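Asks: For reference, the chains in residue letters:
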Amino acid sequence: MIVRLQTEPFEPGALLTDFCRGRSETGAVVSFTGIARASAGATQALELEAYPGFTDAEIGRIAEAARTRFGLDDLMIAHRIGRIAPGEAIVFVATAAAHRREAFEAADHLMDYLKSRAPFWKKEHGPDGARWIEPTARDLADAERWD
Amino acid sequence: MIVRLQTEPFEPGALLTDFCRGRSETGAVVSFTGIARASAGATQALELEAYPGFTDAEIGRIAEAARTRFGLDDLMIAHRIGRIAPGEAIVFVATAAAHRREAFEAADHLMDYLKSRAPFWKKEHGPDGARWIEPTARDLADAERWD
Amino acid sequence: MARVLLFGRLADIAGWRERRLDSLPARLSSLKALIAADDPRLAEALAAPGVQAAVDKTLVRGDMALAAGMEIAFLPPMSGG
Amino acid sequence: MARVLLFGRLADIAGWRERRLDSLPARLSSLKALIAADDPRLAEALAAPGVQAAVDKTLVRGDMALAAGMEIAFLPPMSGG
Chain A
1 MIVRLQTEPF EPGALLTDFC RGRSETGAVV SFTGIARASA GATQALELEA YPGFTDAEIG
61 RIAEAARTRF GLDDLMIAHR IGRIAPGEAI VFVATAAAHR REAFEAADHL MDYLKSRAPF
121 WKKEHGPDGA RWIEPTARDL ADAERWD
Chain B
1 MIVRLQTEPF EPGALLTDFC RGRSETGAVV SFTGIARASA GATQALELEA YPGFTDAEIG
61 RIAEAARTRF GLDDLMIAHR IGRIAPGEAI VFVATAAAHR REAFEAADHL MDYLKSRAPF
121 WKKEHGPDGA RWIEPTARDL ADAERWD
Chain C
1 MARVLLFGRL ADIAGWRERR LDSLPARLSS LKALIAADDP RLAEALAAPG VQAAVDKTLV
61 RGDMALAAGM EIAFLPPMSG G
Chain D
1 MARVLLFGRL ADIAGWRERR LDSLPARLSS LKALIAADDP RLAEALAAPG VQAAVDKTLV
61 RGDMALAAGM EIAFLPPMSG G
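Keeping their order, the protein sequence lines are chains A, B, C and D.
Take the first sequence: its position 59, counting from 1, is numbered 59 in my numbering, and each next residue is one higher.
Take the second sequence: its position 80, counting from 1, is numbered 80 in my numbering, and each next residue is one higher.
Take the third sequence: its position 64, counting from 1, is numbered 64 in my numbering, and each next residue is one higher.
Take the fourth sequence: its position 20, counting from 1, is numbered 20 in my numbering, and each next residue is one higher.
Think of the hints as simulated: they come from the structure by calculation, not from any bench.
The structure displayed is predicted, hence computed values, not measured ones.
We put the CB at the ideal spot given by N, CA and C, even for glycine.
Be aware that a few hints might be false.
What the hints assert, rightly or not - Restraint-style ranges between C-beta atoms, simulated for each label pair:
| no. | chain 1 | residue 1 | chain 2 | residue 2 | range |
| --- | --- | --- | --- | --- | --- |
| 1 | B | 127 | C | 59 | 32 to 38 Å |
| 2 | A | 74 | B | 98 | 25 to 31 Å |
| 3 | D | 64 | A | 136 | 45 to 51 Å |
What the hints assert, rightly or not - Some chain A residues near chain D, calculated using beta-carbon distances under 8 Å:
| no. | residue |
| --- | --- |
| 4 | 38 |
| 5 | 48 |
| 6 | 53 |
| 7 | 54 |
| 8 | 79 |
| 9 | 91 |
| 10 | 114 |
| 11 | 118 |
| 12 | 120 |
| 13 | 121 |
| 14 | 124 |
| 15 | 132 |
| 16 | 139 |
| 17 | 146 |
So here's chain A without its partners, still in its complex pose (with noise of 0.2 Å):
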């Protein structure tokens, strides 16, 4: 099981690659990436922060957790900080199980959390300046269908 915070751009195909990588009992792998969208020019850079030490410790706690509550082989998430531009990838989610409706439904899960109240401060850049950002109403009811 994999939990990185980089601050370096990363490629969701070579995650996928090496995560697949020798598996010949496991079914299914699902993967999420989640990219930075340009908004029509709206937003020009996003700017995530994390505590170091703790964010990458509670996400652990969550992974594991996820990992015995749906079964998986394996899971990894890799996570962007710092000032990532429109079209770079945020992060990436991927899960390994025997079956797909494990590997769709913890992904699906971890994606929740990680949007909606993974220890993170994300601030907004556009042509009028700068706002911190706040879970959408959308991304707390979607956290909350797993409590």
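For chain A, the structure is supplied; the task is to place chains B, C and D on it using the hints.
Replies: Then chains B, C and D, alone, in the frame of chain A:
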């Protein structure tokens, strides 16, 4: 939108890299990779038969309907046919949408269709010979969720 | 030249996957009878529940008239991939 | 040496993200008062709903006693990634 059936092995990470390229207005990309399981030696190979011109047209029709139903930006389906060894990818589905819920649901829906209703005929080669496989009760129940 | 195709277990039972016919019988039901005339196991398999026919790569229900050059496929229940 | 950390909008409002203190007040509530003593905007932001504190990278509720060398972080509502 790409739908392809191929006898050659494919590498899921490379397909995901291609699929993600140049997206600055897509917020969410979900991928599913189905891998042939060895089942601890019980399965030596899978053999998938398609009806060229019919199978791909049927899958294309379902893919187009999913694109409309879930408001996708794009989707891709690659499916192996012929003989597939344990550990090799059988199917790769990727969906791109503005938000993650639609991308997850569309990939989930497409996989339920591909695993239970798509026009393939599947044979499992094991130590005791070969047998034709039909969808499991779970596959059929999963597919009915979308009717 | 018409083509008749069998898929999945139908092909295994019949021992062939494709046949070319110079001429087709008038109806789909007669074609089914013709290809299974000397093969009772194939006749039984073709009559099993869930076996479908496609004419020129389109699924058809019930019997229908056939015309020269058509491609007729008999499809056992689909398994998914 | 103790460390006090601010994140997100708290750091923007205060104009600093990290301070090192030779000694800590006895309790978390006194530390909060100390760092916002000459900054009413920070005092208000620290009192806003949803602001949490972590001591040595563990979330704490309510007030608590502090000891030398601790790392105290004030966290505004988390946004998710």
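Asks: Decide, hint by hint, whether the structure agrees.
Replies: Against the structure, the hints:
About 36 Å separates the C-beta atoms of residue 127 of chain B and residue 59 of chain C, a value consistent with the hinted range of 32 to 38 Å. Between residue 74 of chain A and residue 98 of chain B, the C-beta spacing of about 29 Å keeps the proposed range 25 to 31 Å intact. At about 33 Å, the beta-carbon gap between residue 64 of chain D and residue 136 of chain A misses the expected band of 45 to 51 Å. Restraint check, residue 38 of chain A versus chain D: the minimum CB separation of about 18 Å is more than 8 Å; hint violated.
A distance limit of 8 Å between C-beta atoms decides the matter here; for residue 48 of chain A the minimum to chain D is near 6 Å, and the interface restraint holds. The restraint placing residue 53 of chain A at the interface with chain D holds, with a minimum CB-CB distance near 5 Å, inside the 8 Å limit. Checking residue 54 of chain A against chain D by beta carbon gives a least distance of about 4 Å; that is within 8 Å, so the hint holds. Annotation: interface hint on residue 79 of chain A holds; nearest CB of chain D at approximately 6 Å, less than 8 Å.
The closest approach between the C-beta of residue 91 of chain A and any C-beta of chain D is roughly 5 Å, which is under the 8 Å cut-off, so the hint is satisfied. Annotation: interface hint on residue 114 of chain A holds; nearest CB of chain D at approximately 5 Å, less than 8 Å. Given hint, residue 118 of chain A at the interface with chain D, holds; its Cβ is 5 Å from that chain's nearest Cβ, closer than 8 Å. Annotation: interface hint on residue 120 of chain A holds; nearest CB of chain D at approximately 5 Å, less than 8 Å.
This hint holds: residue 121 of chain A has a C-beta 3 Å from the nearest C-beta of chain D, less than the 8 Å allowed. Restraint check, residue 124 of chain A versus chain D: the minimum CB separation of about 10 Å is more than 8 Å; hint violated. The interface hint given for residue 132 of chain A is met, as the beta carbon of that residue sits about 5 Å from the closest beta carbon of chain D, less than 8 Å. The interface hint given for residue 139 of chain A holds, since its Cβ lies 6 Å from the closest Cβ of chain D, which is under the 8 Å cut-off.
Hint status for residue 146 of chain A relative to chain D: violated, with the closest Cβ pair at about 14 Å, above 8 Å.
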